[in-house]
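Colleague: The residues making up each chain are set out below.
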Amino acid sequence: MPEMIDQIFVVIKHWLMGYVPGALQPIASAILSVVPVMIAFPLLFAITTVLERKGLGRMQNRYGPNRAGWFGILQPMADGVKSLTKEDIVPRTADQLVHYLAPVVMVIASFLVYAVLPIGRNMVIANLNAGVLFFFAVGSVVELSVFMAGWSSHSKYSLLGAMRAIAQMISYEMPLVLSSVVAIMAAGSLSTVSIVNMQAGYTGIWPHWYVFTPWGITGFIIFMIAATAESNRCPFDMPEGESEIIAGYFIEYSGFKFALFFLAEYLGMFATSAMAITFFLGGWAAPFSFLTWIPSYFWFFAKLLTIIFMFIWVRGTLPRLRMDQLMNFAWKFMLPLSLINIVGAGIWHFMAAGFARWGVVSLLIVLSCVLLSRGLRRNKWFHVRTYRYAS
Amino acid sequence: MTISFLLLAAITIIGTAAAMTLKNLVHCVLALTLGLVGLAALYLQLGAQFVGFTQILVYVGAVAILAAFAVMMTRSANQTLTQTASSFRASGALIAVLVFAVLAWAIYSGTSKQPILSAQPEGTVGQVGVALMHHFVLPLEVIGLLLTAALIGAGILAMDEHRGNR
Amino acid sequence: MLGEGIVKGLAETARNFFGSYVNNERLTTVQYPEERLPQIEATRDFPFLVYDGSDPGPGLRCVACQICEKECPPKCIYIVKSADKKPDATGKQQFYPAQFDIDISVCMSCQICVEVCPFDAIKMDVEFEMSSEDRFGGLLLDKYKLAKSNEYYNRIHPTEAGSVDAALAEDRAKAKLAAESKAKKDAETAAAKAAAAAAIAETPATIVTPTATTGETK
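Protein chains in written order, with our numbering: chain A, 468 to 858; chain B, 190 to 355; chain C, 106 to 323.
It is possible that some hints are incorrect.
With a cut-off of at most 30 Å between alpha-carbon atoms, the simulated DSS-like pairs for lysine-lysine come out as follows [stated by the list, open to error]: (1) Lys-212(B) with Lys-623(A); (2) Lys-113(C) with Lys-521(A); (3) Lys-279(C) with Lys-298(C); (4) Lys-799(A) with Lys-113(C).
Ranges of calculated distance between the beta carbons of each label pair, as one might list FRET restraints [stated by the list, open to error]: (5) Leu-510(A) with Ser-193(B): 54 to 60 Å; (6) Met-505(A) with Trp-294(B): 46 to 52 Å; (7) Leu-564(A) with Gly-344(B): 34 to 40 Å; (8) Gly-344(B) with Ala-857(A): 32 to 38 Å; (9) Phe-325(B) with Phe-817(A): 20 to 26 Å; (10) Trp-825(A) with Val-252(B): 39 to 45 Å; (11) Thr-133(C) with Val-833(A): 39 to 45 Å; (12) Met-348(B) with Gly-108(C): 56 to 62 Å; (13) Met-818(A) with Arg-131(C): 46 to 52 Å; (14) Pro-509(A) with Ile-203(B): 27 to 33 Å; (15) Thr-133(C) with Ala-207(B): 56 to 62 Å; (16) Pro-503(A) with Ile-284(B): 50 to 56 Å.
These are calculated hints, taken from the structure and not from any lab test.
Backbone N, C-alpha and C fix where the C-beta goes; we use that ideal spot for every residue, glycine too.
The task is simple: from the sequences and hints, build the whole structure.
Modeller: Printed below as a string of structure tokens:
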């Protein structure tokens, strides 16, 4: 019975496919796989906008939106109506075709990456052999659409915002990819399904998730920080800082196109979180062996919601990083640390199981972390941190 | 000559032809990007997964952005070209036709008429990785050194000259 | 330690988040329009005209002197003086405004009209929820909408109204006293004149010749 609930979507799909004539089987299979994902994730996006505003409000000692529906739960409907009925203003000197295509390209790229995410046992749209490579390749198309948006608006603010956004996204793509290399090394395959399958075992009640290893936890933290930067979220939202360059590269967009950019940004956030879950948190696997009767997609979405809450929490806590602090952090701290993490993961694989390899790898990572963080402040190696306040 | 191949080839040709003929430089860069995406799709159709995805990752994700930055940083971004063909039109077309003829003859005479029966190595990433680490490890290391040298050179060129006590 | 600040910040935010569900004092939001913050006494929004008594017609303090109209910086007051006079609260004949309009979409609540009025006739109201759907006439208040009673004024600004009432009462008492003394003096002079006239009227036979009188007084 638990297997039935777990595989309910697969069973339904097979049952529906029985009614489809032979010639249309491939296209029907594709549609039947894609449509649930395209319904579920925008719905999650709608819920996340409300949860984020209410969560941020509570953290800032105020209510969030609570006028539309019980406790504001219908706020996305109101936002949707607003963005659909707003006038679509395009500047006269803007590049009309490129201005129109930029949100389209961004949404296409953001939706396309969901094809390789394993949402449950046997529930992936396309089990590609090079699934991870596909994910990063299509994820890098987003930067092109950012450039298109910034350039075509023909406005200084949007161009500046686009430059900053692209610089930030390119800088943080390196730690993102390199920190996922450790999970690929451990699993021995680029296919997301096999990475999750490698983590689905248990020793006793403890799971085999990669996050429970020293290189795994470091990789997870680096991946999450890089994912925050890739989707331009606080504390890395300098490109879209509302108080500085108003809205950065989507300043000249109004109404539905703005909503499309918003949608694409949040979908990117969900996709990279889902990838982090796949790499490090065991995908759809349950945390303890006695909880495997709960369906796999439930665990996937539970982990996704936890990570989304972490995103909201960090957004409510940290101030925005300045552009040069951001770039220093990426190139001088995260990139060397992710390379050392790869070395650590390699050492882990060549040493025998036991406490020795825990100690060696942890020491390597912690030492490099400390040295790199001190190195960010030049000429202050091994000094106690002092703070100077204005007198 | 399936439908998908014709479609992808059409996209690639239209993209690259537009990159030659459009008047606005930024439009040319974007059309070139479309051509590169078509090329990546053709690689994927041939089964070369690694090359196809890397084409997107490198070309669309990095090279196109680089070209866009380069176009934007120069003054020619705001000006549109008045004429897109140079005055050497006829000789240019002749050379293009000659190159096409040579390539077509080479490809046509190189491929055999019957399908290849021997097992071909797949272009999966695993096999590419194994080949890199076993057969081609020396070229890999040399390329790594070359790239490091290029990075250091770029860093030195872009560095401030009055570093002193910053 | 690296990352200590971030962890402390996250702990603080988490305390705010979970604490806001546990005790409501953390949330300082006032859910307008169900709850409203209490206004301080010196709140000022838009002007209104004060009238004494219960009838705005004869009790209106405004005498259409037009000082507030001249002093208003954005010129939002429009006054038309009446042609006739009518008695005010002290009984004196005064002009009154036939038309007194204030455009509250222009008014900037600077209170200059209140400061310059010599008759304490225009004061600041505390009502601000006056939005209207009529773009052109809905925010133009005329005399009848602007007139509010002195009791209302005492309710919204007790101390200020108290001092105004005291000053007005004092003025009126003084005026009344002056009027009374003047009336008494008038009555006295009138009585003296009447007595002299009566005295002259009562003794018509004793015609005192000027020479005899002057002789007697010598």
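Colleague: Determine for every hint whether it applies to the structure shown.
Modeller: Taking the hints in turn, this is what the structure says about them:
no.	hint	verdict
1	Lys-212(B) with Lys-623(A)	23 Å, holds
2	Lys-113(C) with Lys-521(A)	22 Å, holds
3	Lys-279(C) with Lys-298(C)	28 Å, holds
4	Lys-799(A) with Lys-113(C)	24 Å, holds
5	Leu-510(A) with Ser-193(B): 54 to 60 Å	33 Å, violated
6	Met-505(A) with Trp-294(B): 46 to 52 Å	48 Å, holds
7	Leu-564(A) with Gly-344(B): 34 to 40 Å	38 Å, holds
8	Gly-344(B) with Ala-857(A): 32 to 38 Å	36 Å, holds
9	Phe-325(B) with Phe-817(A): 20 to 26 Å	23 Å, holds
10	Trp-825(A) with Val-252(B): 39 to 45 Å	42 Å, holds
11	Thr-133(C) with Val-833(A): 39 to 45 Å	42 Å, holds
12	Met-348(B) with Gly-108(C): 56 to 62 Å	31 Å, violated
13	Met-818(A) with Arg-131(C): 46 to 52 Å	51 Å, holds
14	Pro-509(A) with Ile-203(B): 27 to 33 Å	32 Å, holds
15	Thr-133(C) with Ala-207(B): 56 to 62 Å	59 Å, holds
16	Pro-503(A) with Ile-284(B): 50 to 56 Å	54 Å, holds
When held up to the earlier numbered hints, the structure conflicts with 5 and 12 and fits the remainder.
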